[in-house]
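Trainee: Turn these sequences into a full structure, and let the hints guide you.
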Amino acid sequence: MSDVTQATATTGTALTVTEKILARAASLGEVRPGQNHPFRPDYMVAYDFPGYTDLMFKQMHDDFGITEVDDPERYLVFIDHMLSNRNEREEEVHDVTRRWGEFYGITVHEGRGIGHQVAAELGYALPGKFLIHFDGHISGLGAFGALGWGVRRDLLEAWVSGRIFLDVPASMRFHLTGSFAPGVDNRDLIHEIISRVGADGCAHQVMEFTGPGAENMSIGRRQGLCGMAMFTGAVSAIFNPDETALEYARRVARTEFEPLTSDPGAAYTATHEIDLDALRPRVVLPGSARSANTLGVDEAAGTPITRAFIGSCASGRIEDIRAAAEVLRGRRVAPGVQLNVVPTSQLIHRQAEEEGLLDVLREAGANVAISSCDFCFGYARPLQPGEKCISTGVLNISGRMGSTDADIYMGSAYTVAASAVSGRITDPREVVK
Amino acid sequence: MKPATSALPDVLRGRVAWIFGDDFDVDLIIGVENIKYYDADKLRAVCMKAFDPEFVEKVEPGDVVVGGRNFGYGHPHYPPLVALRNLGISAVLAESFSPGFWRGETYNGMPLVTVPGIATAVRRFDPVEVDWRRAVVRLPDGTELTGNPPSERVIKVLESGGSLNLLLREHGRHRTPAES
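So the protein lines, in turn, are chains A and B.
The first sequence begins at 3 in this note's numbering and counts up by one.
The second sequence begins at 22 in this note's numbering and counts up by one.
Bear in mind the hints are in silico, worked out from the structure with no lab data behind them.
By construction, the Cβ of each residue, glycine as well, lies at the ideal position given by its N, Cα and C atoms.
Please note that a few of the clues may not be correct.
Straight-line distance between alpha carbons at most 27 Å, and here's what the computed DSS-like set of lysine-lysine pairs gives [to be verified]:
no. : chain 1 : residue 1 : chain 2 : residue 2
1   : B       : K63       : B       : K79
2   : B       : K57       : A       : K60
3   : A       : K60       : B       : K177
4   : B       : K70       : B       : K57
A partial selection of chain A residues facing chain B, derived with a Cβ cut-off under 10 Å [as the list claims (entries may be wrong)]:
no. : residue
5   : H206
6   : S293
7   : V396
8   : S400
Mentor: Rendered as structure tokens:
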């Protein structure tokens, strides 16, 4: 199913799409892997969360004495966490963010869904753009040919100076052929990649997806795939913008943009050939997404579950909701199992409603919640001790979705939905033909 | 812009206080149930208990910890390294670091030295000397392991005792005339 070609040398001045985006962000003709340089992001993104945005705004104001920012349009804040309890504490957290946003003239988006999705819908994540966030799942914007890089607390450096020092990453290529078989999707692909290259297989590099299999993939699937890049050790992931990405970008663009693509002969640390037709559903055991925890669904099948979750920045897109509806149509969630489905954004929620998908899910006994990050990090309906959950969330470390004495398995929306129906981890290909 | 004095000595001298394996999730240093605590007494009470119940008594200021490949893998929180710093751990030496962990702790001013071969070259309580700018580790028998040196920017961050200090000096607008 896979062949690996080792490192290729650069031909002349050939560059990867990542190198071109960073060269532009550095106002240099070219940059090379390993080069350390201050880069100017097009957007410096955050979500409001106690200890992060409130602290950063306060530092910027009190410690740095910055009362005015040079380009407020480059700062972007989303309210997408802590929306489920509707209590005073939540209001207080969000109010602090709103007030700072007003003070600096920075746009705060709320009520639209998960920021890593909404950034695309609102036309920030355009081909060739460079975006940073303290959260690494911004890598999902690579679906559009943008470079999204999670820089943790170094976001403050960009907020106070407009620039950020980074090492130019090398790129590893994943050349995809074929298309996903029924009941198999991008989630299975990322875990298959981790199980092959290891949890540090792409450490400090960018994953670049190419080939007919990449071109066949829908935007939502590309986002889900790129959004999980950090679990290979990668700093980001990217697709070369093709007509699918450009069509989306032209529709939503809020600024001009100039797409960039890798040159023939650009250098990669390795090229992995993957045939999507041969992929099978994958399930990740509780603890982490490392290779040793990644199994074929058949090896984990039969494990009883009490909870199931479809959502997060790496799932919950229209393709995932359709997958869940395909499995749940005419079926019921098993007694004793709670299935929560969270569309990634309000736009996706509306589309799923219009397509009749949410009615299918509700009739099957699923709970459909408004778009937020809250289920994925254990804020909404936290897991209780002893529970076993199967999830499309991004992380399955102990305590992530509630009790540290609960187990989190991960899989695709197909696998989660099929498991919710039978009450045990189930191969979705038993229902999706 | 260069700080008058470096927050770190040129050479760190200490013993290897512990050796962790590959893909090590730092949250385990204090236990996943404690990853939201910053209180020093609480962190001391839970630090390394799962590895050596007497770790906090045995460790000495200046000691280092050693890791395998991909040290810091997972979803690293800050308190585990706060706990180690409180005990005087002065650096982490590892075969390689997970990028997210590396960035977060470099920001906090912890020297993370990438030294392939280190995990199998040392035993617990071996004394080592670490020239962190050159990524050179001197072993008890006098041999040296050379790793991947940090960028000039990261050297500046570490000399400043973390990114915040460096950024304040570079971009703070409260500067008095004498400092600017």
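Trainee: Against each hint, give a clear statement of whether it holds in the structure.
Mentor: The hints, checked one at a time:
Taking the CA atoms of K63(B) and K79(B), the gap is near 18 Å; set against the 27 Å cutoff, the hint holds. Restraint check: the Cα-Cα separation between K57(B) and K60(A) comes to about 21 Å, which is no more than 27 Å; the hinted pair holds. About 24 Å separates the Cα atoms of K60(A) and K177(B), which keeps this hinted pair within 27 Å; it holds. Distance hint between K70(B) and K57(B) is fulfilled; the C-alpha atoms sit about 17 Å from each other, no more than 27 Å.
Interface restraint check for H206(A): the shortest CB-CB distance to chain B comes to about 5 Å, inside 10 Å, so the restraint holds. Restraint check, S293(A) versus chain B: the minimum CB separation of about 9 Å is within 10 Å; hint holds. Hint status for V396(A) relative to chain B: holds, with the closest Cβ pair at about 9 Å, below 10 Å. About 5 Å separates the beta-carbon of S400(A) from the nearest beta-carbon of chain B, less than 10 Å, and the hint is met.
Checked against the numbered hints above, the structure breaks none of them.
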